[in-house]
Amino acid sequence: EPEVTQTPSHQVTQMGQEVILRCVPISNHLYFYWYRQILGQKVEFLVSFYNNEISEKSEIFDDQFSVERPDGSNFTLKIRSTKLEDSAMYFCASLKEVKANYGYTFGSGTRLTVV
Amino acid sequence: DAKTTQPNSMESNEEEPVHLPCNHSTISGTDYIHWYRQLPSQGPEYVIHGLTSNVNNRMASLAIAEDRKSSTLILHRATLRDAAVYYCILSQFGNEKLTFGTGTRLTIIP
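In the order they appear, the protein sequences are chains A and B. Counting from 1, position 104 in the first sequence corresponds to residue 104 in our numbering; the numbering is continuous, with no gaps. For our numbering, count along the second sequence from 1 and bump the result up by 1000.
It should be emphasised that the hints constitute simulated quantities derived from the structure, not laboratory data. By construction, the Cβ of each residue, glycine as well, lies at the ideal position given by its N, Cα and C atoms. Heads up, some of the hints might be wrong.
As the list claims (entries may be wrong) - Straight line, CA to CA, 27 Å or less: simulated BS3-like cross-link-like pairs of lysine-lysine:
hint, chain 1, residue 1, chain 2, residue 2
1, A, Lys57, A, Lys83
2, A, Lys57, A, Lys96
3, B, Lys1003, A, Lys78
4, A, Lys57, A, Lys78
5, A, Lys42, A, Lys78
6, B, Lys1003, A, Lys83
7, B, Lys1069, A, Lys78
8, A, Lys96, B, Lys1003
Unchecked claim - The calculated label-pair distances, taken between Cβ atoms and stated as ranges, are:
hint, chain 1, residue 1, chain 2, residue 2, range
9, B, Glu1066, A, Gln17, 53 to 61 Å
10, A, Gln64, B, Glu1014, 44 to 52 Å
11, B, His1076, A, Asn52, 15 to 23 Å
12, A, Asn52, B, Arg1077, 38 to 46 Å
13, B, Glu1066, A, Met15, 48 to 56 Å
14, A, Gly40, B, Arg1081, 21 to 29 Å
15, B, Glu1014, A, Tyr50, 36 to 44 Å
16, B, Thr1005, A, Asp62, 28 to 36 Å
The following block holds chain A by itself, in its conformation from the complex (with noise of 0.2 Å):
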């Protein structure tokens, strides 16, 4: 069955740093989404992506905050200066089509720990 790939599985970095999480999503889906999950916490929408723009973004999806898919097959969520409260785990998810009898698939995320 396909997947949502991400690396790093795991990420360490030192407040003030910027951070890149990477996504693989399938291949012939066309909408994408960053989530994230703060330890003991709800999922939370972060931002959508279509057509090579932000389709949505959140109040938490603040200037820190960026996407490209640079290469049609990558999709990227740039933290340009972390914060320890952006330790979280991410995750991604991908769409085929906005349509009644699809369901989103998320990767398994990525855990970044902001110290």
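We have chain A already, so just place chain B on it with the hints.
Same frame as chain A, but now just chain B:
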């Protein structure tokens, strides 16, 4: 986003059916009912979704009340691998994002 209400936790014996309830009394006519689950240390996983009619797939069945104010996810024969947090989510057709609640933590007793 319309809200759903689920029990915080449930337990079930292995190899028995499990019925996970969800209340969504403020559901609108265009809201689809989605179920996802999250196994320990994994990302959410799509289980099933429906609009008005009951739905079956290889993972589960979804029973939707006639007034659509509640639904039940049915796992026909629980295994230890089904231990997870199950989320019931309402999403309008064409609305791309999912709004997760706290879900139901399902424990399977061997």
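Okay, the hints, checked on the actual structure:
1. Lys57(A) / Lys83(A): holds, 19 Å
2. Lys57(A) / Lys96(A): holds, 19 Å
3. Lys1003(B) / Lys78(A): Since the Cα atoms of Lys1003(B) and Lys78(A) sit roughly 31 Å apart, the hinted pair is violated (cutoff 27 Å).
4. Lys57(A) / Lys78(A): holds, 14 Å
5. Lys42(A) / Lys78(A): Status holds; Cα separation ~21 Å.
6. Lys1003(B) / Lys83(A): violated, 31 Å
7. Lys1069(B) / Lys78(A): violated, 40 Å
8. Lys96(A) / Lys1003(B): Between Lys96(A) and Lys1003(B) the Cα gap is close to 26 Å, so the pair holds against 27 Å.
9. Glu1066(B) / Gln17(A): 53 to 61 Å: holds, 55 Å
10. Gln64(A) / Glu1014(B): 44 to 52 Å: At 46 Å between Cβs, range holds.
11. His1076(B) / Asn52(A): 15 to 23 Å: violated, 43 Å
12. Asn52(A) / Arg1077(B): 38 to 46 Å: Roughly 45 Å apart at Cβ, these two residues keep to the hinted range, so it holds.
13. Glu1066(B) / Met15(A): 48 to 56 Å: holds, 54 Å
14. Gly40(A) / Arg1081(B): 21 to 29 Å: With Cβ atoms ~23 Å apart, the hint holds.
15. Glu1014(B) / Tyr50(A): 36 to 44 Å: Once the Cβ atoms are compared, 42 Å apart, the range 36 to 44 Å for Tyr50(A) and Glu1014(B) holds.
16. Thr1005(B) / Asp62(A): 28 to 36 Å: holds, 31 Å
Going down the numbered hints, you'll see the structure goes against 3, 6, 7, 11, while the others check out.
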